[in-house]
Each structure stands twice: as structure tokens, then as C-alpha cells.
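Trainee: Sequence:
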Amino acid sequence: TRLMTRSGLKLQFLYFIGYTFRKENMGLLTGLIHKWPAEFLCKSWLVVCGYKSFKAIESEDKIDDTQWLTFWMVMSLVQFAEFWTDILRRFIPYYNEAKLVFIVWLSALRGAQMIYDKGVRPFLKQKEAEIDQHAAPLMEKIN
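So that you can map any letter, position 42 of the sequence shown is 42 in my numbering, and since no number is skipped, the others follow by simple counting.
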């Protein structure tokens, strides 16, 4: 119930996840994820986060918009860091399991807000003018 309260996940959705991953329902999925179940769950959780973002965009409340923008900002930095550490992370035992816990913490327990407030925002505020100066030519080409 704590996860449901803090994340806003509905009990029916948690039942759906549980039902989907019951042993007898795994027949089709087993061939796809037998080697990488934690990685599959990480990607699945990101789909859940995408849907929660859609719900936030469609709602009148702007607080949840900020929550999900913050999550995706932090998640983009995680993905960028993974690109550079791809070779190393293959040798870390239980990396995907740890990543799954981390993604759930970022999204459901609002860890992204903590990382953003204590690290990302102060850094970007400090370097904002410099980043804007270097990014301006690229942004002109994009727009």
C-alpha cells in the first residue's frame, strides 16, 4: 500500500502486473525474456512511466507534469551515462536488477525530484549561460 500511495498506482494495475507475470502466463514471454528478465522489466516499467506521463499531460494539475518532466530529465542522463559505461556494466552482477530498483525509486518514490533538486538543477543553473552559448548554433539548425 505504501508503493500505491506514494506512486499513485492503482491496485488494479498492480494486480494486472502480478497476473501478467504469473508462472502459467509466461509461456509467450519466456522465449523473449528468459535471459534478460530484469532488463525486460526495466523497459516495461519505462512504458508504465510513459503512460503515467500521458495521464499527467492530459490532467488539469500541473504538479504531476513537473514530476514526470523531472523523471524524464534524470532518466535521459542515466541513459546517456549508460552509453559511456556499456562495456563496464556488462561485468557488474545484477546490474539490471539494481537498475530496475533505481528506476522504480526515481519514478514511484520520487527519487528523480531529489536528484534533480540536489544535483542536476544546481549544475545546470551554474552552467546555463555557457550551455546556451554553445548550443545556440545547433538549436538554430534544429528550429
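For the record, the hints were derived by calculation from the structure and aren't laboratory data. A hint or two may mislead.
As the list claims (entries may be wrong) - BS3-like mimics (lysine-lysine), calculated; alpha carbons at most 30 Å apart, straight line:
hint	residue 1	residue 2
1	K127	K99
2	K127	K141
3	K99	K43
4	K99	K125
5	K43	K118
6	K99	K118
7	K99	K52
8	K99	K141
9	K62	K52
10	K118	K62
11	K125	K62
12	K141	K125
13	K127	K62
14	K125	K52
15	K62	K99
16	K55	K118
17	K43	K55
18	K99	K55
19	K62	K43
Computed from a predicted model, the values in this text were never measured in an experiment.
Trainee: Could you tell me which of the hints above the structure violates, numbers in ascending order?
Mentor: Result: hint 8 breaks, nothing else.
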